[in-house]
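Going down the list, the protein sequences come from chains H and G. If you read the first sequence in our numbering, its first letter stands for residue 1, the second for the next number, and so on. If you read the second sequence in our numbering, its first letter stands for residue 1, the second for the next number, and so on.
Derived by calculation from the structure, the hints in this document are not laboratory data. Just so you know, not all the hints are guaranteed correct.
Here are the computed lysine-lysine pairs in the DSBU-like style, where the Cα-Cα straight-line distance is at most 35 Å [said to hold, decoys possible]:
| hint | chain 1 | residue 1 | chain 2 | residue 2 |
| --- | --- | --- | --- | --- |
| 1 | H | Lys291 | G | Lys232 |
| 2 | G | Lys231 | H | Lys131 |
| 3 | H | Lys291 | G | Lys75 |
Derived contacts from chain H toward chain G, CB cut-off under 10 Å, selection only [to be verified]:
| hint | residue |
| --- | --- |
| 4 | Asp62 |
| 5 | Ala292 |
| 6 | Thr442 |
| 7 | Thr445 |
Even glycine gets a Cβ: it sits at the ideal position worked out from N, Cα and C.
Listed below are the residues making up each chain.
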Amino acid sequence: MKRKLARLMAVVLGASMLIAGCGKQEQGTASNEGEKGNGGGTFIIRATGDPMSFNPVINADDNGYPIFQNMYLRLCALDSSKQNLVPEAAKEWEYNEDATVLTFKLREDLKWTDGEPLTSEDVKYTFDGIKENPQYYFSSNMQNVASIETPDEYTVVFNLAQPDASFVKILGWYATFIIPEHVYNNGTAWTENPANMEPVSCGPFKLEEYKQGESITLVRNEDYAEPAKLDKLIFSIIPDEATAIQAVRNGEIDFFENFPAASVAELETDENLRVIVNQYPSPIRMVFNTKAESVSDAAVRKAIATAINREEISEKVFHEIQKPEYNLYPSMIEWATNSENTAPKFDTAAASKILEDAGYKKDADGYYIKGLTIDVFEGAGYPDTAKLIQATLAEAGIGVEIQVSEYNAWQQKVGDNRDFVILLMGGFMGPDPAALATRVQTDMTFNWGSYSNAQVDELLAKGASTSDETERAGYYKEVQKILAEELPYLNIVNFAGPEVNSTRFENLPYDGQGKWGWADYSHVELVK
Amino acid sequence: MKKFVIRRALTGILTIIIVFALNFVIIQMAPGDPITTLMGKENNSPEMRAALEEKYGLDKPLPMQLVSYLQTAMKGDLGTSIIYNRPVSEMIGEKVGATVLLGLTAALLAAVIGTIMGIFAARRQGGAYDAVSSGVSYAFNSMPAFWLGLMLIILFSSILGWFPSYGMTDNRASYTGMAYVADVLKHMFLPVLTLTLVLIPQYFRIAKSSVLQTSNEDFITTLRATGMSEKKIFNKYIFRNAILPTITIFGISMAYLITGVTLIEIVFAWPGMGRLMMTAITQRDYPTLMGIYLIMSISVAVVMLIVDIVYAMLDPRIRYE
């Protein structure tokens, strides 16, 4: 029996070595082949999950978003700074003086992958369809568009009901890709069209293969006006971050966006990798439910704001990758942020004094206020941030409890039901300060704290109604001044995602500020 | 015998229906819903929500939803995923193979290796081999599978560079034929190794203790007294008796095969059922979840039925009545 066992072990070991050996050899030849001709090469990007479909407008699909940006075109797109617009399907655009008419001139050399030209009719069809159907993500943004005109094949005019100078920037953000009218205008709903899985697209890459749970393979669209340099772009689904870190170190993937801040130091020492920190105007913020009695007093909100140690949170939770943010509007958007009227600096004694002055008395345990709750969702550092806040608030005599939910449940509780006192959340506040309106204007759907201030509403309306940047900055800075006094929300740290790529490749989206979109991989080039 | 099988089968079907109805209610009662996923982060436009709820019939009362689901399920139609708009049966079909390949290979290896190790340890009880193998077995038994998996990735992929760290096939190449088989084998080595290592201890302990127990039975002492050779006693009497519990454990592990290797699938990005289920849970994709639960409860019921029958056949002490 002993001998049998030994023999068995030998066979298993031998077989596994054989597998390892022969597979390796083949991998070598295969990757050489892939890199021949036209610069070429295969660029593998880590993806967290599956796209919901290959229709870029019917869902708010975070997993599909980077894929769509390489298959489809928007009129214009935000670059990796998330502030500059770069042209995509449109070569130029302009507003009229009072920001009510927005005119796009389309490129004339664009074709769908089935050979049909992309014209202004496609654009009109797409945006009319989005507007009509509230089920589509961008639909609510389209409600201010009174009509879309197509004076000729390559001109599109958006007529706005109310002036909105920020509309063009929102068009460069999310779920605003152009889809082909000749494919989708066939009587069936967009959601049921077979083209959602066998897409007709118009961008630099087209879909070759989709394996659910595994990978999405795009290949160069040879008919695109400015062909991509890569042969293939593969989105490879790796759910676990720790595994993806090893995969990028081993050269099995070439790009990993938003990897954990704790791994920055480790990856920076690897000479085959380049690590950069990509900032987004999506600060982590604390929102107060102004309808909740316990925090309806501005003095309480101010005391809480004074008792948050942002430096400690940035250091302990985010390894100093995400920096403290005191401004009410993200400081990275320099023209619009107000650095004079900000949230108060950390000082627990001052926080206690604010409460004393407002007439609050300490109880036997040393608390002025007790029983407040902070709702957070799991992951991304939120529960840890809440714990540090809880500790410093306790020093100031404010007692809070932390409630952690899973994301989907959290969103239903705080977003749909508004059932919270204090919450922590992230989310995009760019590209334009007009985004402030969606968060703090009376009765807006994303105004989860139910904040309402007539003066703020008026200033926000003024800010939207002109395209003069200096004038707009004035209105938005004034809004931030009021917000800094009333503190319906406050920012804690900014958002920055470390990203890492193999040095075998150059010209990543990050390198194309002012030139190309922030997930446009068509300029990526294999260099060694 | 026939009566026994029919009765067990009927109990199985009843169990499946009850489990299914319970699952349906529990999932719907859990906070969150698939509409929240479809609408994207930080979006709660009431118009969008109403339009989507109506489209997927989620605005109807729960009992009506259950009845309409059961009606279609009876026809063999598991419905369409709300999130991916694809037939659930198709999605499950794509993933079952990968999971069974991984889970079954590891379960077989672990059962064989663990049992052999256990028998050796029992036959040399108290010796050096017993001490070492018991120690190692306890160590692996207490290791979290995801941690062990990551350590093996760091050792075999990052440091030694022998095996790929994730996936089932090499993305950079599309192999066919034998090269494809070799590619899959190479990719499954580490996940299978991890799973085998964490499964070995249970087979080791069962085999060791049941061999020890059987060896101390009176009839073995009697056989020894007759002067029968130790080898014959072991092969003919001890082994056959001692292997029964191992078969039971193996049978039960087969029942949970379909979703039991979720953590390993996540660590190694293995495209299997466990990950499909986890994704469906976080997205609250009701039809996909119900499909997976249905398949799961059916496989548990069927395997339990088979184990019951096999056991009744092997062990005459169990009556069919």
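**Request:** Take a quick look at whether Lys231(G) and Lys131(H) sit within 35 Å of each other, Cα to Cα.
**Result:** violated (82 Å)
**Item:** Asp62(H) as an interface hint toward chain G, with CB separation required under 10 Å
**Value:** Status holds, d = 7 Å.
**Straight-line alpha-carbon gap Lys291(H) to Lys75(G), limit 35 Å** = violated (50 Å)
**Request:** With chain G as the partner, please determine if Thr442(H) meets the hint condition of a C-beta pair closer than 10 Å.
**Result:** At 16 Å from the nearest chain G Cβ, Thr442(H) fails the 10 Å test, so the hint is violated.
**Restraint satisfaction for Ala292(H) [CB to CB of chain G, less than 10 Å]** = Constraint on Ala292(H) not satisfied, violated at 18 Å.
**Prompt:** Per the CB criterion, is Thr445(H) less than 10 Å away from chain G?
**Reply:** Hint on Thr445(H): holds, closest Cβ of chain G at ~5 Å, below 10 Å.
**Item:** Pairwise hint evaluation, Lys232(G) against Lys291(H), where the allowed Cα distance is 35 Å at most
**Value:** This hinted pair is violated, its Cα atoms lying about 82 Å apart.
Going through the hint list in order, the structure does not satisfy hints 1, 2, 3, 5 and 6.
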